[in-house]
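A.B. asks: Given the structure of chain A, go ahead and fit chains B and C onto it with the hints provided.
Chain by chain, the residues run as shown.
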Amino acid sequence: MIPLGWYLIFAAALFAVGLFTALTRKNAIGILIGVEMMLNAVIVNLLAFWHYWVQQAGVPQLDGLTFAAIVFVVAAAETSVGLALIISAYRRLHTAVANDMDLLKG
Amino acid sequence: MMSEWVVPVLWLLPLPPLLAFGAIVLFANRSNRLSHSLAIGAAGLSWLGSMLVFWRAVTTEHLAEHPFGGWVLWLPTGETWLTVGVQMDALGAVTLFFVAWTVLMIFIYSVGYHNFGAKRGVDDRAGLPPHGALVKGVDGHKHHVPSLEPMYARFFALISLFAFAMYLLVVSDNLLTLFVGWEVMGLCSYLLIGFWYGKPSARAAAVKAFLTTRVGDMFLLLGMAILYSLTGTLRFADILGNASVLAALAGQVSPVLGLSWAGLIGLLLFLGVVGKSAQFPLHVWLPDAMEGPTPVSAMIHAATMVSAGVYLAARFFPLLSAGWQPGMALTPTMMVMAVIGAGTALFAATIALAQDDIKRVLAYSTISQLGYMIAALGIGAYAAAVFHLVTHAFFKALLFLGSGSVIHGMEHGALHTGEHEDVQNMHKMGGLRKKMPVTFVTFLLGGLSLAGAPLLTAGFWSKDEILSGALNGGFVVVFVVLALAALLTAFYTARQITLTFLGTPRSKAAEHAHESRWEMTLPLGVLAVFAVSAGWAGIPETFPGLGGLIPNWFGEFVGGHALEHEVSHSPVPLLTSLLVSLGGLLLGWLVYRRQVAGAADPLAKTLGPVYSLLKNKYYIDEFYAWLLIRPARWLSETLVADWMDRRVLDGILHGLGRFGIWLGEVLRRWFDLPVVNGAGDGVGRGARWLGMVLSPLQNGHEQTYMLTAVIGVVTAGVAFILLVVF
Amino acid sequence: MNALQIIFLVVAAVTLASAGFVAGARRTMHAALWLVLTLLGVAILLATLQAGFFAVVQVLVYIGAIAILILFAVMLTRGLTEEQGAVHHRWWWLAALAAGGVFAVALVILNRWPGFQVLLEELPREAEAMTDWGLALVDPMRYLIPFEVASVLLLAAMVAAIYLAMSRPGGQS
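Protein chains in written order, with our numbering: chain A, 10 to 115; chain B, 28 to 753; chain C, 998 to 1170.
Just so you know, the hints here were simulated from the structure itself, not pulled from any lab data. Since we're looking at a predicted model, the values are computed, not measured. Just to be clear, a hint being listed does not mean it is correct.
[Claimed, not checked] Short, incomplete list of chain A residues facing chain C, as computed with Cβ under 7 Å:
1) Ala22
2) Lys35
3) Ile38
4) Gln64
5) Thr88
6) Ser89
7) Ala93
8) Tyr99
[Stated by the list, open to error] Each pair of labels, with its calculated beta carbon distance range:
9) Leu238/B / Ala1062/C: 51 to 59 Å
10) Ile1003/C / Val242/B: 53 to 61 Å
11) Val745/B / Ile1003/C: 46 to 54 Å
12) Gln279/B / Gly1097/C: 41 to 49 Å
13) Ala743/B / Ala1010/C: 25 to 33 Å
14) Val1105/C / Tyr732/B: 24 to 32 Å
15) Ala264/B / Ile1003/C: 50 to 58 Å
16) Met245/B / Arg1087/C: 36 to 44 Å
17) Arg241/B / Pro1121/C: 49 to 57 Å
18) Leu1132/C / Ser271/B: 33 to 41 Å
[Said to hold, decoys possible] Chain C residues, not near chain A, derived (Cβ > 10 Å throughout):
19) Val1007
20) Pro1137
21) Met1138
All C-beta atoms, glycine included, are put in the ideal place defined by N, C-alpha and C.
Isolated chain A (complex conformation) (with noise of 0.2 Å):
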């Protein structure tokens, strides 16, 4: 009996806090855990909107989850290739600081 607006207040709460994270850490591992953090928060959207629906509907309904598993398996990729680069980068640079690396300055 949880209003769904509380769903969304929160998750956009949450995306907020990691944007910030993501915008403000200068390690590269921190941006990468605001980014987690932003997944996060949609995934919360995307289940509270697919309760909502299937409680709109009557019927059960699959596009929710499946949007769900695909944001799932997104963040594990996109966690997985980052820390890979920051991991190769660190071993270049020296440095796992992102205003650092900057390579591709013009």
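C.D. replies: For chains B and C alone, coordinates are given in the frame of chain A:
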């Protein structure tokens, strides 16, 4: 259904080249032989599948009502689904036919063009065309011969990917996967035009092609989005095969310019076609794209990419012409197509008159011929446009490959004599008919077909059909413009053939040119057969004398479901096409047959200033440079880099006094007109402010970019709330 | 206010607080540990949504794998520059403003939607139709393609991660 077995074949058609691409990139790139075997093998498989599908399509009754194919769901988007599917109908089948043939031929040709088996040159570097290698001949003399392309495997990987994209585009049953193929081709053309990335001109041409086509693609994407939001589907069968959807789209008025929704979507899709098929005003990338290797030119400019644009326009012809019946006034969208198509046909043909580079003539000729097809679609002559698409693909691929063979032969001569001539300049050629007989005969056939030499060649039949479509539909202006363009086409074709092959050699390189290897001449021969015979499939039944001898298979097969105005074959367009093609050919030959080495182009004398206007392509490149590129450069280099970073920031450091002097100098130099002087102050201050605000943004730190993006999103959100919610 | 609502509020408060610690922690290691608590809180909230499967997956994948991976990465890269100077950029206030803006905009827009106030009822047990879902995932007319694409993505990510993190003998450093 009787076509069960063919549907899996259809699904798998694009796959072999993609697998070949992956295999070459990942595993085979060290072995040139393995690379090209994989690529050609894959192209051969796809070719075989295409022939099966084509055969199935032509033997299927009522193909127009029941195209075969299949589809699966891909992505749920709320209430509707995006789908993936394949479909084959008459338009698809004929397109598939010429794509399969030309692609296979171009692959085989590439082996010879890139000198497979030749020695690697000492000075050759990846990213530059091979310079030639020194070998010791049987007589003990050392001489230069063409050397192996340093990035041989890479080339085959890229053209395989390109072939995959084209197959994908042709078999798609919906706009989304078509768009995927479309964009992958855009990427490949970028990579292939810039194949010799060591040359600055090739790099520039690649960027130009990519950015110019991107302009069109943006509109295509917009049209796609509107179509999807209105109909909830992107499948051709659900949109184009559904009269009620078409009627609904044609009946409602969109908020833009009073066009109907069908008209608006059609216009947006057509703008995508303009970019891809290099129509005015987005034609500028195509001539520059000649920087790529010649097989690439053939691939991009004849067989696949530019054809894809016309294919899309033909595919969406029911939408483009929604609400129009033969005999009625054209819809605004069709009017735009007819005007741009006919205009481009004439405009590009005039430019082709004054070009000296053998490939550039062909490039402009391609633009002109594509204009023909677009104009034909614009006036509702659907079957004629598709017919010309097919015949043009064959003869233009032949011409491009032939010109590549000529260039190759000239290169051989230039290396042999050590003469550093421009091997693509037609004024340096001449007399090549004796040195390169196979190339000459095939090129001649292709050229005659392009010029529309009567009765024999494919180009005659398809062009004649467009012209008669224009006249019978009552579009006299279009008819006259296209007839004029046909005259010019015949003229520049005669000029090209005369300058290249006839007469006597006008340079040492031309004297020592010799015939290309069989890998190159074999595709020429095969394509020449099609360049001549493809036209016989579509001889109108009402044609005097010949009509009815061979049934007009093409018109029936393709035109079956389209709005075709079948009227009696009036003698006017026939006489016109005879006159312009023979007249143009004869005139071109007469003017150029006595051309001697070092002499100016006879046209230059006759036409005077007009000639230099044509030679410089109406200065459109310069105009675009002035309109778009210079301001963008100025913004980035002068305003941001120079003013903001260097001058503004340093200026602050060095004190305001210096800044004042600098400002005075800049103002004197840049704004010396008294009128601008007053505004200059404001501009300077604005630039300084902008510089201070913006310069920290370009620091290479992704978090800053991210923050900027988020701030943009928040601003947009706030604006949305303020404007919409309250 | 019933028991479920109180549980929600408590869990949400703890989760958001630990999220705040993630954002503010001085050491990346501490941030990673707070992240574990945040993820656990989200798992509980997913359970209150009756998405039991995803609550379990959240614990397994996020806490069991991703958070541990992050901890390992932190330990592997702790070196010269770590924990020196500020952990945040000096324009953190701008980022805070932007993040707050995102939150506010999302809230204002969502608040206008009538569904915002809807109470989520308890669903019947068969609502989370796992068998149906499993079948739908391998059905070509339903989610087969997204499912396959996702698995290929995972495979590609795995290969890429191994390739990137592999230290080549004789390579740089």
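A.B. asks: With reference to the structure, classify each hint as holding or not holding.
C.D. replies: Verification of the hints:
no. : hint                             : result
1   : Ala22                            : 6 Å, holds
2   : Lys35                            : 6 Å, holds
3   : Ile38                            : 5 Å, holds
4   : Gln64                            : 6 Å, holds
5   : Thr88                            : 5 Å, holds
6   : Ser89                            : 4 Å, holds
7   : Ala93                            : 4 Å, holds
8   : Tyr99                            : 4 Å, holds
9   : Leu238/B / Ala1062/C: 51 to 59 Å : 43 Å, violated
10  : Ile1003/C / Val242/B: 53 to 61 Å : 58 Å, holds
11  : Val745/B / Ile1003/C: 46 to 54 Å : 35 Å, violated
12  : Gln279/B / Gly1097/C: 41 to 49 Å : 43 Å, holds
13  : Ala743/B / Ala1010/C: 25 to 33 Å : 31 Å, holds
14  : Val1105/C / Tyr732/B: 24 to 32 Å : 26 Å, holds
15  : Ala264/B / Ile1003/C: 50 to 58 Å : 55 Å, holds
16  : Met245/B / Arg1087/C: 36 to 44 Å : 38 Å, holds
17  : Arg241/B / Pro1121/C: 49 to 57 Å : 52 Å, holds
18  : Leu1132/C / Ser271/B: 33 to 41 Å : 35 Å, holds
19  : Val1007                          : 12 Å, holds
20  : Pro1137                          : 14 Å, holds
21  : Met1138                          : 13 Å, holds
Going down the numbered hints, you'll see the structure goes against 9, 11, while the others check out.
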